[in-house]
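Trainee: Here is how the chains run, residue by residue.
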Amino acid sequence: MTVCTFITVVLAFGVAASQVFVAQNQARLDHLNKELKAEQARYDRLRFQVAELESPERVVAAAHDRLGMIEPPRVTYVAPVASNAPVATDADAAAAPDWANVKSELAAK
Amino acid sequence: MTTLVNSRDARRARGYAAPARPQQRKRKPVVSDRAIRQYAPVADPMPSRARFLTVGAVLLLVLAVVVGKLVYIQGMQHDRFEALSLSQTRHTFKLAATRGSILDRKGRDLALSIDKRTIYADPSLVADPLGAAKALAPILQLSVRDLQAKLTQSGRFVYLARKVDDALAKQVTGLNLAGIASTNESARMRPADDLAASLIGQVGLDNEGLGGLEHQYESALKGRPGSIRVDADRHLNRIATGEAEVQPSVAGNDLILTIDRGLQYEAERLLAAQIAATRSKGGLAVVMNTQTGDVLAMANLTATKPGGVIVQSTRNTTVTDVFEPGSVNKLITMAGALEDGAVKVGDRMLVPDRLKVGNHVFTDHDPHAPTTWGPTDIMRESSNIGSIMIAQKLGRERLASYLADFGFGTKTGIGFPGETAGLVRPVAKWYSTDMGSIPIGMGVSVSALQMLAAYNAVANGGKYVAPRLVRATIDDSGAEQPAAQARTRRAVSVSTATAVTAMLEEVVKSGTGTLAQIPGYRVAGKTGTARKPAPGGTGYIAGAYVSSFAGFAPADNPAITAMVMLDEPTPIFGGLVAAPVFSDLARAVLRELRVPPSINAMAVTPAQPSVIQQIASGDGDAPAAPSTTSSTAAASCCSKR
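As given, the protein sequences belong to chains A and B, one line each in that order. Start counting the first sequence at 1; every next residue gets the next number (my numbering). Start counting the second sequence at 1001; every next residue gets the next number (my numbering).
You may find that some hints are simply not true.
Simulated DEER-style distance windows between Cβ atoms [as the list claims (entries may be wrong)]: (1) E52/A - R1490/B: 42 to 48 angstroms; (2) L36/A - T1173/B: 19 to 25 angstroms; (3) L1125/B - V20/A: 32 to 38 angstroms; (4) V1066/B - V20/A: 55 to 61 angstroms; (5) G1543/B - R47/A: 29 to 35 angstroms; (6) D1122/B - R66/A: 43 to 49 angstroms; (7) T1173/B - R66/A: 32 to 38 angstroms; (8) V3/A - V1065/B: 37 to 43 angstroms; (9) P1047/B - V22/A: 28 to 34 angstroms; (10) L1084/B - L53/A: 54 to 60 angstroms; (11) L53/A - R1234/B: 28 to 34 angstroms.
Simulated from the structure, these hints should not be mistaken for lab results. The model shown is predicted, which means the values in this text are computed figures rather than measured ones. Here a beta-carbon is modelled for each residue, glycine too, at the ideal position from N, C-alpha and C.
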């Protein structure tokens, strides 16, 4: 009889404890889910902000207004020339300064 | 004096006689049950039995009632009571799916969804609707009347303001008004503001695609909403040990477009500047990768009035609207005639400045004496009569066939909502004048995208490539699924494409399209200045023109094909208003794509004799030297733009 009572009491406590355990973990899970959602929303907002800051219109406006930059009046292209372009000759090579000398001079500076 | 405190004594003292007391009944001695069990003799069985039966009967009756009720609830009315119970504890919440983002070709956001706050009310909990309305009105920028009407309506939920800024939501919740609360709601945002707005399209308040790519790819973007069914208390706190059934939501796919955000901006900027400078009604600019068909920029702008504010067009006019192309259509005429052998590059013909076709007399832009021109000269001078003469050699059936081969009359396959197939009559229904009008781009209507694709076919060595706007999709798991490659088909042979390219290059080098030149690159293209058809389909609007330029660069190894069109500009000539935009835009695109400059770009020989010789010798004819532009034509070139 006593043993049965004891087992019953232990079982009752066990069930109660497990319920508390489940409830606590559920609360923790809910909290983590809420945090996850909040962080995801924060990430999305920051991503939007970055995209907004990187948008061409804003970059151009910042270049104009804050940095005082202007559109280039013209663009100069250096076009490659055909095979009749001058090529380096042995004489050019001889006239060129020796790299070892240049290097030592640069190092001295 | 003795105070009579006892009421009985008081009554006695006043002479009342106490009434006789009833004789008290003798009490039975109280004996405990235990004592009875131990010492009492066995009682009379009859009364106990009667009590036993009575109690038993009552208990049985009670039990029967309980069991009956149990059977009634659990058996007969099981479903009803179960539903009643679940309705109080089990709640189903919708899990919204995040709408996929729209990214440019480099993965930069063009449209994405973020959470915003939505203010709502439970009118049944609002005690003072007028007071609440007065408090909310200045914050929500709504009238007190409207708010009061919302706060007094029936039902337990009403939106007050949707998708507002966090700061505003905080102001509202800071008022601590009963029955007013806020919740998160996904809102569609465009970080680059209205960049490519007519292309991307719009979404509704409930995030459903209403137009543009948002509508076209609605099924891919919207995702699949999920649901969660849980047991919760009356305050909607989840019961930990209750049941839970989760159907997770699936986020929508991200779309990776072929559009380049920077180039789109540049296209819109240049186009807007030219619309303003020419006081046009609007315009469009579109660029595509020659080999892949990827559309890199697609700008559609409209002026609220000539010289007014320039805004995004409400439609993607590049795809949805048709126009009579005018001289840019001469490409088809020339390519078809060369392909069929109806005319050869080295041919010469005497071209007058007017020609009667059917009952209509067609003329060149400027009067000139009959001049001997070759096909290259005709293209360079954009001669209407020369083009009509070439078309007559080709024949109406073959011309109609080439229009179809270059994609006129059928949709490009880009799949954009509202895409037009253009207006090309079947050859059996051509009027007698059509052999005069269609070769020079009148009496036929196409979308700008169709015309661009036709030029791209020539740039791509004669192979037509269907333009496309979406490069890939990214699914919920992050895996990238490439979109189908653009469909290709051969429109004309490589040799024809090469010959036509040489002619188009000549147009830019010394013809009507000189303002399309790009320093350092060889450019091929054609100008167009077409009258606008009158509403109703008969005649043209006086003084209203659509001016365009279509071309590609570098001509020696085409990387991009582009088209610019302006609606009713001043001046009217495509070579003056559209060609410069092409030049600036193509230059920006070539720089962005790191396309190396052409070799000796500024020293291109006229009409590339080597190419012409190749074509001509292939046909067995002796190569002919390209003609030199007559002084009359050269003098009038600038007025033909």
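Trainee: Each hint: holds or not?
Mentor: Now the hints, each set against the structure:
For the hinted restraint 42 to 48 angstroms between E52/A and R1490/B, the CB-CB distance of approximately 45 angstroms keeps it satisfied. Checking the proposed 19 to 25 angstroms range against L36/A and T1173/B shows it holds: the Cβ atoms sit about 23 angstroms from each other. Between L1125/B and V20/A the C-beta distance comes to about 34 angstroms, which sits within the given range of 32 to 38 angstroms. Taking 55 to 61 angstroms as the suggested C-beta distance range, the pair V1066/B and V20/A does not conform, at roughly 33 angstroms.
At about 50 angstroms, the beta-carbon gap between G1543/B and R47/A misses the expected band of 29 to 35 angstroms. Checked against the given bound of 43 to 49 angstroms, the beta carbons of D1122/B and R66/A, roughly 48 angstroms apart, stay inside it. Checked against the hint of 32 to 38 angstroms, the C-beta distance between T1173/B and R66/A comes to roughly 36 angstroms, which is consistent with it. Distance hint for V3/A and V1065/B: a CB-CB separation of about 38 angstroms, consistent with the stated range 37 to 43 angstroms.
With their beta carbons about 56 angstroms apart, P1047/B and V22/A fall outside the hinted range of 28 to 34 angstroms. Between L1084/B and L53/A, the C-beta spacing of about 55 angstroms keeps the proposed range 54 to 60 angstroms intact. Roughly 46 angstroms separates the CB atoms of L53/A and R1234/B, a value that falls outside the hinted 28 to 34 angstroms.
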